[in-house]
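Chemist: Here's the letter readout for the chains.
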Amino acid sequence: MKSISMSAAQIAEIVKGEIIGDASRIVTGVAGIKEAAPEQLSFVGSRKYEALLKDAGAGIILICPDLAKFAKPESTLIVCKNVDHAFTVIAAMYADEAPAFTPGVHPSAVVSPEAKLGSNVSINANAVIEAGAEIGDNTVIGAGCYIGHDAKIGADSLLYPNVTVMYRCLVGRKAVIHPGVVIGGDGFGFVPGPQGLVKVPQTGIVQIDDDVEIGANTTIDRARFGRTWVKSNVKIDNHVMIAHNVVIGESSIIVAQAGIAGSSELGRGVILAAKAGVNGHITLGDGVQVAGASGVLRSVPAGQTVIGAPAESQRDFMGRLALPGRFEKLSKKFAALQAEVEALKAQLEADK
Amino acid sequence: MKSISMSAAQIAEIVKGEIIGDASRIVTGVAGIKEAAPEQLSFVGSRKYEALLKDAGAGIILICPDLAKFAKPESTLIVCKNVDHAFTVIAAMYADEAPAFTPGVHPSAVVSPEAKLGSNVSINANAVIEAGAEIGDNTVIGAGCYIGHDAKIGADSLLYPNVTVMYRCLVGRKAVIHPGVVIGGDGFGFVPGPQGLVKVPQTGIVQIDDDVEIGANTTIDRARFGRTWVKSNVKIDNHVMIAHNVVIGESSIIVAQAGIAGSSELGRGVILAAKAGVNGHITLGDGVQVAGASGVLRSVPAGQTVIGAPAESQRDFMGRLALPGRFEKLSKKFAALQAEVEALKAQLEADK
Amino acid sequence: MKSISMSAAQIAEIVKGEIIGDASRIVTGVAGIKEAAPEQLSFVGSRKYEALLKDAGAGIILICPDLAKFAKPESTLIVCKNVDHAFTVIAAMYADEAPAFTPGVHPSAVVSPEAKLGSNVSINANAVIEAGAEIGDNTVIGAGCYIGHDAKIGADSLLYPNVTVMYRCLVGRKAVIHPGVVIGGDGFGFVPGPQGLVKVPQTGIVQIDDDVEIGANTTIDRARFGRTWVKSNVKIDNHVMIAHNVVIGESSIIVAQAGIAGSSELGRGVILAAKAGVNGHITLGDGVQVAGASGVLRSVPAGQTVIGAPAESQRDFMGRLALPGRFEKLSKKFAALQAEVEALKAQLEADK
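Residue numbers (my numbering), protein chains in the order written: chain B, 6 to 357; chain U, 6 to 357; chain L, 6 to 357.
Hints are supplied without guarantee of correctness; some may be wrong.
If chains are identical, the list can't say which one is meant, so a pair holds when it fits in one copy or spans any two.
[To be verified] Derived DSS-like pairs: lysine-lysine, alpha-carbon spacing no greater than 27 Å straight-line:
1. Lys334 with Lys350
2. Lys121 with Lys39
3. Lys121 with Lys7
4. Lys357 with Lys74
5. Lys350 with Lys338
6. Lys7 with Lys337
7. Lys357 with Lys157
8. Lys204 with Lys39
9. Lys204 with Lys179
10. Lys350 with Lys59
11. Lys7 with Lys350
12. Lys350 with Lys337
13. Lys350 with Lys179
14. Lys86 with Lys334
It is worth saying that the hints were derived from the structure and are not from the lab. Quick caveat: nothing in here was measured; it's all calculated off a predicted structure.
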């Protein structure tokens with residue numbers, strides 16, 4: 006981390022926050038709220054971390070309005086609404102830069118004379134770029150990457166080492182693609198034929214729009230026809246599987262080990278938590294949220310949150326979870342009623 | 006897509022279908038039923054897509070017998086039984102060819118003088134082939150692939166870039182292996198010893214028979230002894246994990262993110278849907294089908310379908326799903342009975 | 006497998022076991038109990054395999070004390086307590102050696118002049134080692150591996166082909182890392198900003214301590230600050246996802262396709278079975294065991310076993326599984342009680 010001295014006043018100005026405490030307080034770095042030392046800035050943006058405030062050693066704390074009252078009186082606070090964003094902005098100023106990639110084409114890279122390289126690209130050791138491929142200005146192609154025939158990578162993109170982009174696939178501008186990602190493997194399609202399973206040709210492409218990040222070892226398959234389409238500003242974590250002809254709407258977030266089966270369409274701002282699965286040929290409306298490890302079998306209207314396998318509403322899911330306890334209670338009440346009926350029968354017998 | 010003019014009559018002859026409508030109707034391409042234009046062939050092979058028929062713009066539609074009556078009267082139909090297969094055959098005629106791989110050994114490839122290359126192979130840029138490895142006739146080894154010592158790849162196979170086949174493993178003829186696949190990593194075995202966990206040597210191999218396809222980033226581990234064995238015509242999707250000593254029977258289909266634990270055996274034609282897990286040391290009989298995200302703990306006899314975690318019969322699973330609704334009904338009936346008993350008690354009291 | 010003649014007496018001495026039967030009996034290899042022939046050693050260390058003893062053809066069987074009585078009288082047995090460990094020790098003596106890696110730097114490898122190589126290293130074909138990286142003595146860097154700027158790999162480690170270790174990450178001594186592993190991709194963090202999702206800088210590293218094994222295609226993300234930390238003797242299977250700032254305690258075992266979300270801490274000797282998921286920001290105490298495909302939402306105290314999604318105690322999980330059967334019984338008893346109440350009402354009516 007870089008060591009830069011910043012005062013509470015300077016930080017408050019950048020994040021447009023309000024200081025409670027000593028505006029001249031200086032920090033030289035940032036850290037999480039558990040670890041932060043007196044010379045460091047930290048943050049508490051959620052009630053979850055409220056309990057950590059009483060032992061917090063941070064010099065300055067970015068904090069949301071409703072939690073400020075729980076901080077120690079001697080703490081210097083900067084109150085702002087979007088604490089996570091504010092901290093991210095300041096932390097980025099302290100962040101060590103990642104190693105720079107040398108511009109130019111490394112002598113060990115194998116670049117087809119029929120490929121087209123933009124200005125200021127960095128093509129690293131042992132990368133392979135096939136005929137017809139195009140690499141945009143300022144883009145970095147990491148060591149050992151493979152860029153297939155006629156594939157296009159937009160400007161200002163960063164492909165870390167050992168990424169594979171298959172033929173004809175399109176990646177937009179400002180992409181960040183982590184190692185081991187495979188874009189454009191064949192979609193998975195076979196039909197029973199007279200002599201066994203017959204491969205369904207996968208003749209489409211993958212299209213990734215601008216500002217997309219893709220985590221390590223994620224795979225995005227090429228379409229059967231047309232395109233598998235990841236729209237702009239989508240963020241995808243590691244080990245995600247996106248099948249052929251899937252469409253993912255703008256600014257959606259797909260967390261690790263999630264999977265989306267063929268031809269399903271996600272709207273804008275959809276969130277799939279870790280390990281979630283989405284069935285094929287269904288639609289998730291804008292803003293749908295799917296809880297971790299859930300399995301979505303049917304289309305979900307915009308704005309809904311679903312959970313469970315098969316996925317249902319939170320209310321139904323909580324009801325299902327509560328069932329054993331309610332069953333015990335009903336069983337006890339049943340035994341009591343049974344006893345009452347026995348007593349009635351005895352009484353009737355006695356009354357005869 | 007290639008532009009080829011074909012008439013309904015020509016197509017019907019190839020797929021052995023029966024024309025309803027204009028036999029001279031011409032198409033020049035293929036597309037899905039939602040997108041298809043008047044100059045394109047499409048298909049509807051399942052009741053799921055019946056609703057799309059009324060807006061279908063396709064020039065010709067391959068259709069199954071029971072759905073023909075739902076098509077618009079002006080549609081030209083070709084009725085055939087196995088619509089998916091028929092469409093696959095025609096679509097393959099229109100498919101753009103994937104880029105051809107140049108035969109020969111790329112100068113940047115590192116091929117051991119002790120490796121044995123068949124005729125007409127294509128060894129691409131930066132591929133590494135170790136001593137004792139054998140590559141069959143007409144086989145393509147993609148850029149950046151690693152073929153370990155004494156590994157053998159059969160004829161007419163296609164290894165896309167960045168595939169790893171470790172030492173002594175065997176891949177059959179006509180394999181299609183997508184980027185990032187790892188064949189022959191060590192099986193996962195450790196036993197507690199006096200000084201901590203001790204690695205169990207994994208001394209076997211992986212054997213892949215003919216006509217197998219393996220999706221991107223899938224891993225198949227080498228056996229402890231003997232072989233991990235994927236039999237002929239098996240189709241494996243992306244991100245699948247196949248542990249040591251697993252046996253997968255002919256023509257089985259393993260969908261994305263499924264996993265099979267050590268030493269389990271799958272019969273012929275088994276289907277594991279996405280994210281399914283199979284416990285170690287169990288057997289799934291021929292034709293067993295496992296629903297998505299299910300966890301199979303015990304052996305399953307041939308022909309059965311199982312679902313859930315732990316996996317059970319569809320009937321039991323549906324029963325479990327229906328439980329909350331049935332519980333609500335029983336609770337209401339219980340309350341009613343309780344009221345009746347109260348009434349009886351009151352009546353008895355009054356009768357005294 | 007190597008062919009080495011060993012007598013029961015020799016084997017018993019090595020594993021410190023007690024012979025029942027012919028101490029001069031000779032074997033020349035090892036195999037699993039189902040396949041073992043008269044010239045082979047095998048083992049039965051668990052009641053699960055007891056049934057296989059009556060047909061066992063092995064020349065000598067390593068066996069645990071309580072199972073010896075089930076073996077055929079003509080079998081030569083070596084009774085010992087930790088059968089799995091004993092067999093692993095003997096099997097290792099018979100194991101074919103994996104191909105040796107030639108020491109030195111392959112001419113096609115790209116090693117920065119500012120990298121530091123220990124003695125007796127083997128840097129294989131097309132590997133890339135960036136400036137500032139350090140490779141310990143006797144360590145093998147497989148073909149196509151990428152070792153980023155300032156990354157350090159300890160002595161006596163084995164990186165199989167196509168492994169990616171990103172900048173500044175640390176790998177300890179005696180590591181075994183399988184193909185396709187990615188160490189040090191960015192942690193997954195984005196916050197909503199005024200113009201869409203903003204990337205949270207991931208400025209930390211991954212630290213892997215000594216004696217760690219990591220399975221094919223597993224990914225371990227770099228920390229937001231500080232380190233993602235895998236402590237010594239941890240064993241990780243294939244396709245595992247370890248998110249930023251996770252800490253995994255010594256000798257823990259993480260089975261295939263499991264995932265651990267950001268900032269969670271696992272104690273010593275934790276076991277995550279296959280496909281298990283662990284929520285972010287929670288703690289699993291020493292020795293916690295998580296069943297396959299379970300989803301752990303809340304912290305778990307040391308020593309507990311949890312199962313299910315969301316994870317609960319085995320008792321609660323079994324109770325949940327048993328619910329449909331108990332519900333059927335209660336429904337029947339309810340119907341019977343209803344009939345009794347009807348009878349009572351009829352009787353009261355008749356008595357009037």
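Chemist: Name the hints, by number, that the structure is in violation of.
Modeler: 2, 4, 6, 7, 10, 11, 13 and 14
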